[in-house]
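K.L.:
Here is how the chains run, residue by residue.
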Amino acid sequence: MAEKKDQEALLDFDYSKYGFRDEDAVYDFVSEPGLDEEKIKLISRLKGEPEWMTEIRLKAYKIFLEKPMPTWGVKLDDIDFDSIVYYARPTRKVADSWDEVPEYIRRTYEKLGIPEAERKYLGGVEAQYDSEVVYSRMRKELEEQGILFMSMDEALKRYPDLVRKYFGTVVPPSDNKFAALNTAVWSGGTFVYVPKGVKVNIPLQAYFRINLQNLGQFERTLIIAEEDSFVHYIEGCTAPIYDTHTLHAAVVEVIVKKGAHVRYTTIQNWSRNVLNLVTKRAIVEERGFMEWISGELGSGRNMKYPSSILKGKGARTDILSMSFANTGMHHDTGGKVIIMAPDCRATITSKSISKGGGISTYRGLVKVLPDAEKARISVSCDALIMDEDSVSNTYPYIEIEADRVNIAHEAKVGKIGEDQVFYLMSRGLTEQEATTLIVMGFIEPLSKELPMEYAIELNRLIELEMEGSVG
Amino acid sequence: MRGTKTFPDWFLKIKEDARRFYQQAEAPRNKYINLNVIHPEEFDPEAFTQVDIPDKITQEETSGYAVFVDNRLVEWKSLSDGLDIYPLEEALEHPVFRKHFSKAVEPDRDKFTAYHYAMLKSGLFIYVEPDARIEKPFHLLFIHASDRASMHPHVLIVADRFSRFTYLEEAFSINDEITGFYNPVVEIFALDESRIYFSSIFHMNEKVLSYGRRRGIIGRNALIDINHGWLGGSINTNHTELLMDAPGAEGEDTQIFFGRDSQTHFLTTRLLHRVGDSTGNVLVRGALKDRAHSIFDGLIRIYHGAQRSNAFLEEHTILLNPGARSDAIPGLEIEANDVRCTHSATVGELEEERIFYLQSRGIPYEEARKMLVMGFFEFAIEKIPVEQARERLINLIEEKWN
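As they're listed, the protein sequences go chains A and B. Residue 705 in our numbering is what sits at position 188 of the first sequence, and the numbering runs on without skipping anything. Residue 267 in our numbering is what sits at position 283 of the second sequence, and the numbering runs on without skipping anything.
Hint data in this document are derived by calculation from the structure and do not stem from the laboratory. Note that the coordinates shown come from a computational prediction; the quantities given were computed from them, not determined experimentally. A couple of the hints might just be wrong.
[To be verified] Here are the simulated lysine-lysine pairs, BS3-like style, with alpha carbons at most 27 Å apart: (1) Lys576/A to Lys657/A; (2) Lys584/A to Lys354/B; (3) Lys15/B to Lys929/A; (4) Lys884/A to Lys87/B; (5) Lys694/A to Lys15/B; (6) Lys891/A to Lys120/B; (7) Lys929/A to Lys884/A.
[Claimed, not checked] One-sided excerpt, in silico: chain A residues whose CB lies under 8 Å from chain B: (8) Ser561; (9) Ser653; (10) Arg654; (11) Met655; (12) Leu886; (13) Pro887; (14) Asp904; (15) Ser907; (16) Asn910; (17) Tyr914; (18) Glu916; (19) Ile917; (20) Ala928; (21) Lys929; (22) Gly931; (23) Gly934.
All residues carry an ideal CB built from backbone N, CA and C; glycine is no exception.
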């Protein structure tokens, strides 16, 4: 009974409230807009970082300056790097109790329902507000198993050797311009370490919130899953609506050791003024399994291609993504799999919906290197176009250099079947309800992979996006 | 030699503009290949060797024939009423030629297409009169006979309203030693209610560099059915485009490729649905041996407002041994919602069990592999509408396998 009530509470949640902003926010430190070496040194000094990290930042900054802007994907040429605020620290302290979090920030997270969710079904929560993590806490029993779950800044202080060993090994700063920028100015993000053989049965969640106008958020996440371990990490993102662009350029590095299993779930619901340009990549060792699950609902311009490098024999990956491009939105998303060893398997499933003139693009790469014998890969992309002004593109790149391989790719683009809508209407649904129901069915492969609470949230968000789709 | 008279000014202007474009343009490239390794100036457009015209072409059941040797058109003849054949020099004065020439394949599409126009001096114009039904194939040969030959044949086909036309071309070298640059452009116009069945087999030797463009423009309720067999060339590049230009237009594009040694097949295909209520189909099947490499870039594009378009693209490649490599980009760009567009691509190997089964029936290993590959091709070969082309292609693939 109680469970049912919780569901209702979630369903009643007014999601239009995502767009609010905290007018009375007080910051401990906000850097001047624009970027140079001095500012990077200042960020590093304020954080009290070891010298080697400052060096990494400065080197990455040089790479950032040299790297050209990508010429494909979404429109990027209007990003004004000089007007971005690269660092805003709301508070100096990472709290481990919501009572210690500054009042105005706590209010924000309460509105978003985070503390409540934590009590109910999460193993740990981390909340990042603008540049810094303001709250981080994990259940005691998890702590006792030796699991580390904290902000990257704290990990750098407490476990510098671990961070140094893995930082930048999966996504080097030279990977792309925005990975270089992230490495130069990173702040916040999550550090997760799961010891050998430990299975974390309840999800760990990070919640990213941008509040300040013109702020760039550059969190850096590092997940290390030791041999035969399991962890499920969930991230959620929101921001208020401003009329200027906000840049979100995250880097996520995941290391999946022998036989380990990592599941990484993202529900991205940034407001439309946010440019979401993230680099997410996992290295998967022998028999390891990496799952990328994402629901991309927000962000006006979105470029995101979660990648798995299958390095060890028998490694596996599933990439499942759903993207909803509504009016004024351009999503260029997909997945990347690089197979380097024999007997690997990969599945990419992409579902996209374009509506009200929105553009959704699937861009993917499957690369099989010469030694990767007996790889089995399947890629499938389905797109729904809701009206005649919307656009759907598919660009799957397939590069096969090994001979004993089986890869199948398929893509379908179409509209909602009129006969399906007619059938549902004959059973008493309105056209709007029928259409929404069919869309929900279309994305079911994704929603059934989410924890129940998130599936409900996702469905609710889809319902909101679908409003006014019949006229 | 016929055709020594000077070209008209409008034609010279197209050539001159193309030359300028060629000089400033970069060689085509993508992620997998950069064609700046092709240096067309190293080849000689004047190279010419006299060869005997194969008897069979004049004796086969045809509606007409034409023969290019190196860069010259040496023979042409129509054997059917309603089928008019003109060499370039005569075609230039034909109003239908003038209306369509360079309109399907624009000279500024890319560097080597521009080079084709800049160097163009022999070509063929095929005009199928309204209501004419040319059921027997028109047979065209491109014979590569000279070392360092630079070949730029241009073929323009216009099938007028309610006509029907069958076409078969074959390009080959007289031996395996000579080098050459083969740079053809074929423009095909299917006017309203017409049907064109186009088959082409390319098996010039494995020293030839090839860069060609073929584009069909399809009118109301008209059909262009293109079939390609790609066996030859060292780097064999071809672009095929079918533009569905009116309701009821139908485009069919079937391609088979086979690569061995260090051959590269770089095949681009486009289904462009400019107007709705149209249909497009692409079917590609290829097999690669040794260190051969294929790059397949196939795109379905549905333009804004082209509702009720129906398009399908599939590409299947078999890699026969380690060292072979296949890259594919089957893309979709869809700007209308009431459409059905599907594509699929697979890359795989021959199934061991099937080879084993055939071996258990007494068939040697290599023979079993060949049988399976021929079976894999059969689905595509069956679609070729001209029987001669089907037989010829099967023979050539078997020959090449050995």
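K.L.:
Give a verdict on every hint.
P.N.:
Here is how each hint holds up against the structure:
Pair hint Lys576/A plus Lys657/A does not hold up; C-alpha atoms about 39 Å apart against a cutoff of 27 Å. Between Lys584/A and Lys354/B the CA atoms are separated by roughly 49 Å; this puts the pair beyond 27 Å, and the hint is violated. With a CA separation close to 25 Å, the supplied pair Lys15/B and Lys929/A stays within the 27 Å bound. Only pairs whose Cα atoms come within 27 Å are accepted, and Lys884/A paired with Lys87/B is rejected, the gap being roughly 39 Å.
Distance hint between Lys694/A and Lys15/B is fulfilled; the C-alpha atoms sit about 19 Å from each other, no more than 27 Å. The suggested pairing of Lys891/A with Lys120/B is violated, with an alpha-carbon distance near 47 Å, which exceeds 27 Å. With a C-alpha separation of about 22 Å, the suggested pairing of Lys929/A with Lys884/A holds against the 27 Å cut-off. Hint status for Ser561/A relative to chain B: violated, with the closest Cβ pair at about 37 Å, above 8 Å.
Taking 8 Å as the C-beta contact cut-off toward chain B, the hint placing Ser653/A at the interface is violated, the least distance being around 42 Å. Checking Arg654/A against chain B by beta carbon gives a least distance of about 46 Å; that is not within 8 Å, so the hint is violated. For Met655/A, the suggested interface contact is broken, since its CB lies about 44 Å from the closest CB of chain B, more than 8 Å. Interface hint at Leu886/A: violated, since its Cβ lies 11 Å from the closest Cβ of chain B, which is beyond the 8 Å cut-off.
Of the supplied interface hints, the one on Pro887/A holds, with its beta-carbon coming within about 7 Å of a beta-carbon of chain B, less than 8 Å. Residue-level restraint check for Asp904/A holds (minimum Cβ-Cβ distance to chain B is 6 Å; threshold 8 Å). The beta carbon of Ser907/A is positioned within 8 Å of a beta carbon in chain B (closest approach about 6 Å), and the interface hint is therefore held. Nearest Cβ of chain B to the Cβ of Asn910/A: about 5 Å, under the 8 Å cut. The hint holds.
At a threshold of 8 Å, the smallest CB-CB gap from Tyr914/A to chain B is about 5 Å, leaving the interface hint in force. Given the 8 Å rule on beta carbons, the hint for Glu916/A holds: about 5 Å separates it from the nearest Cβ of chain B. Annotation: Ile917/A was flagged as interfacial toward chain B, and the flag holds, the nearest CB pair being 5 Å apart, inside 8 Å. Interface hint at Ala928/A: satisfied, since its Cβ lies 5 Å from the closest Cβ of chain B, which is below the 8 Å cut-off.
For Lys929/A, the shortest C-beta to C-beta distance to chain B is roughly 5 Å, which falls under 8 Å, so the interface hint holds. The beta carbon of Gly931/A comes within 5 Å of a beta carbon in chain B, closer than 8 Å, and the hint placing it at the interface holds. Restraint check, Gly934/A versus chain B: the minimum CB separation of about 10 Å is more than 8 Å; hint violated.
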